[in-house]
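Asks: Here the protein sequences come in this chain order: H and R.
Here our numbering is used: the first residue of the first sequence is 1, the next is one more, and so on.
Here our numbering is used: the first residue of the second sequence is 1, the next is one more, and so on.
In case anyone wonders, no lab produced these hints; they're calculated from the structure.
Any given hint could turn out to be false.
Since the list can't tell identical chains apart, any single copy or any two copies may satisfy a pair.
[Stated by the list, open to error] Once the Cα atoms are required to be at most 20 Å apart in a straight line, the calculated EDC-like pairs of lysine to aspartate or glutamate come out as:
1) Lys-30 x Glu-359
2) Lys-252 x Asp-217
3) Lys-103 x Asp-135
4) Lys-261 x Asp-210
5) Lys-381 x Asp-336
6) Lys-18 x Asp-171
7) Lys-358 x Glu-126
8) Lys-103 x Asp-138
9) Lys-355 x Glu-126
10) Lys-30 x Asp-316
11) Lys-132 x Asp-99
12) Lys-358 x Asp-316
13) Lys-113 x Asp-99
Owing to the predicted nature of the structure, the values given are computational and were not obtained by experimental measurement.
Number of protein chains: 2
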Amino acid sequence: MKRSSLAPDFFPELPIIKGVQFATGQTGIKYIDREDVMLAKLSPGTTVSGVFTRSTTRSASVLDCQSKIGLSTDQGAAILVNAGNANAFTGSNGQASVDRICKALGSTLDLPKSAIFTSSTGVIGEILPDHKITDCIDELKNTLSDQSIKSAASAIMTTDTFPKGSSATLDIDGKKVCISGIAKGSGMIAPDMATMLVYIFTDAEIGQIDLQKLLQDLTNRTFNCITVDSDTSTSDSLICAATGTSGVDVSKSSKFSQSLKSVMLDLAQQVVRDGEGATKFITVNVTGAASNKDAHRVAMATANSPLVKTAMAGEDPNWGRIVMAVGKSGALINCDRLSIWFGSHLVAENGRVAKNYKETFVAKYMKQTSLSISIDLGMGKSLGTVWTCDLTNGYIKINADYRS
Amino acid sequence: MKRSSLAPDFFPELPIIKGVQFATGQTGIKYIDREDVMLAKLSPGTTVSGVFTRSTTRSASVLDCQSKIGLSTDQGAAILVNAGNANAFTGSNGQASVDRICKALGSTLDLPKSAIFTSSTGVIGEILPDHKITDCIDELKNTLSDQSIKSAASAIMTTDTFPKGSSATLDIDGKKVCISGIAKGSGMIAPDMATMLVYIFTDAEIGQIDLQKLLQDLTNRTFNCITVDSDTSTSDSLICAATGTSGVDVSKSSKFSQSLKSVMLDLAQQVVRDGEGATKFITVNVTGAASNKDAHRVAMATANSPLVKTAMAGEDPNWGRIVMAVGKSGALINCDRLSIWFGSHLVAENGRVAKNYKETFVAKYMKQTSLSISIDLGMGKSLGTVWTCDLTNGYIKINADYRS
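Excised from the complex, chain H in its bound form (with noise of 0.2 Å):
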């Protein structure tokens, strides 16, 4: 698959967390000549924190790692990512093949199963051959090593064109604190929980509990603002996990949970320039809503919009699908008082077209693959901002023929 054209440059060079080891492997299992599996050691001590998709179909290793989340990892932890097989659907085996990785995991790495965390994406409703993953991990653990996460953010892509990671290093009282993380996602991309695949690691000290609320809030403002296709994984993961290993308590820092939200907030933007078929990445606005809800809920009707998502492919300013977009989306409205622009050229305003419209200006904007839609609803002081990309041939390409 040839490299998304929204793609950074390179792979960001990412600070080593001490405390975080890393491997890599192949299983075979669905994908040949690359590697498929990734597994991440964490120090004793270390804090995880996670949010997971809230599909009601999602996945044995989702219900299998919400389960344990809040559970000791005094004894360290550990987390183990298959890609090519969801282990979703898989009825009874799905339990059963997370039990075994977990068990055999547990045994090699002297921790309990408890402190082990799986996460599965790809084929949805194929039993996982969970052997192929376990006679694997004897090597796993003989190759770690604190610089493999660029392999690791590798090892877990799907449909992905790259590999994705962002990173922060912050100054908090003289002492140095760093955050690192990778993430997987480009297909069955929507909101409404954490999105796709994503491991954020940092030596910071914070408690479980207060780590598990910060990661909430944040993903509600980063990975829920995100959206490709409208449509919802039964992987979705994010897990955080504190090794403590800097000596700086956080828990209080604004500092540090800024700088955790520019990290999800990179790999959340680079799922959505990862997203299947894209030729632009756009930004959506809105302002002037009555709550906070009706401004996501503009947003989200706008970037889900086949309509509005098809006019970015073609680079038409058709604002018009704008209006229809804001018009289903169910939020408190009054035409009268509706504003839109592309960019910063105003496009619509009190209801009508722009007195000052100018469709050529506008037209040659809409070229950059960078866009932004920005909507005005002018009933309140509420705002919001989502994420996504156009809808082209090349994902109908993609997915027309995915499996075969």
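Mind docking chain R on chain H? Use the hints.
Replies: This is chain R only, laid out in the frame that chain H set:
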């Protein structure tokens, strides 16, 4: 535009409804070399009912129609429809245009303005040059004929690839009652309203309030159960006119409501068959739901899922995506009770792939142009059906350059 491969072989012979006359003409507003305006004149005493989009950015003509439904049509009534310009989001110009059209037409036909119903579909946000319509009114009046319903069905089309008509003739106590309907619609088709433009005429005798109730109920079971692309139009209107010229009171006739439903369902399904870029006609049946709302929700989540729709386009029995859609629907489910069929092929049961599932058989079934997806939730006794089409390159092509 090439005629949809899912189109019926020909436009049906529609019975003449005594008391209804049609005329069509060319305004040149958007299209050249084709008729783009139609007039239907209704005889004195005709009852007129209507169901309209619930979009909050609905067009001036929709708002105007809604304000008139239920007012007296003792002197008769008229419906005027133009194609190519939606007269939506045109500020105060919108209502002013509608007023001028209604005034001119009312004066020509000797009818009160309150008995003139208008519809406009096409591009949103462009001022309607209503003088191009009023200029045609004399010619329209002079060419009125009870024979011209097929021309009327063609004149209201926009991205449609075929005119849509349906009829029923029924015998009530030895007397004949006829129903003839026409519709337009192809993209921006989603539920939660009366979908697109639909005009149904009958010589039955029925009071306005009875007809309105019946129409609303039947809309929920027909037009509100179709979706092409999840996008809701600003113009959707369904108007039903009963002239009473048969002299048959149908206010308590279940035969009449059955026939009216069959005409509405046929028209609704023809809209789906003309879905932009459609190559598959898909019926989604949900049974065993805990409530009717849940059944509809699961069916709609499946029918609107880009991943399900592209799998159908690719003739790929990728039932895992149906599991995904059920999971994101928000309906009450239990994975272990979920069953899924393609046509009569059971593909999943008890929360996993069916025991005797053979993908080769099902892959063969997927090559048909009419496909059914059946989902049993095993949670209760409620059921629901939704009709949709697949998502193909054709949809992207049409909508990435609709205006150019």
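Asks: 20 Å Cα cut-off: does Lys-358 pair with Glu-126 within a copy, between copies, both or neither?
Replies: Between copies, since 13 Å is at most 20 Å while 53 Å is not.
Asks: At 20 Å max between alpha carbons, let me know whether Lys-30 reaches Glu-359 within a copy, between copies, both or neither.
Replies: Close across copies (17 Å), not inside one copy (49 Å); limit 20 Å.
Asks: Classify it for me, Lys-261 with Asp-210: is the Cα-Cα distance of at most 20 Å met within a copy, between copies, both or neither?
Replies: For Lys-261 and Asp-210, the Cα distance is within 20 Å only inside one copy (15 Å; across copies 57 Å).
Asks: When no copy is named, should Lys-358 and Asp-316 be tagged within, between, both, or neither for a Cα gap of at most 20 Å?
Replies: The answer is within: 13 Å in one copy meets 20 Å, while 45 Å across copies does not.
Asks: Checking an output row: Lys-252 and Asp-217, CA cutoff 20 Å. Within, between, both or neither?
Replies: Classified as within; 15 Å inside a copy, 57 Å across copies.
Asks: Check Lys-381 against Asp-336 for me: Cα-Cα at most 20 Å, and say if that holds within a copy, between copies, both or neither.
Replies: within (17 Å within a copy, 46 Å between copies)
Asks: Is the C-alpha distance from Lys-132 to Asp-99 at most 20 Å within one copy, between copies, in both cases, or in neither?
Replies: For Lys-132 and Asp-99, only the intra-copy Cα distance (14 Å) is at most 20 Å; the inter-copy one is 72 Å.
Asks: For the identical chains here, do Lys-103 and Asp-135 meet the 20 Å Cα criterion within one copy, between copies, both, or neither?
Replies: Intra 13 Å, inter 81 Å, cutoff 20 Å: intra-copy only.
Asks: Reference check for the pair Lys-113 and Asp-99, CA-CA at most 20 Å: within, between, both, or neither?
Replies: within (8 Å within a copy, 73 Å between copies)
Asks: Which holds for Lys-18 with Asp-171 at a C-alpha limit of 20 Å: within a copy, between copies, both or neither?
Replies: Result: close within a single copy only, 16 Å intra versus 84 Å inter.
Asks: Should Lys-103 paired with Asp-138 be assigned to within, between, both, or neither, using CA atoms and 20 Å as the limit?
Replies: Within one copy only: 13 Å inside, 84 Å across.
Asks: Within a copy, between copies, both or neither: which one fits Lys-355 and Glu-126 at a CA-CA cutoff of 20 Å?
Replies: between (57 Å within a copy, 12 Å between copies)
Checked against the numbered hints given earlier, this structure breaks none of them.
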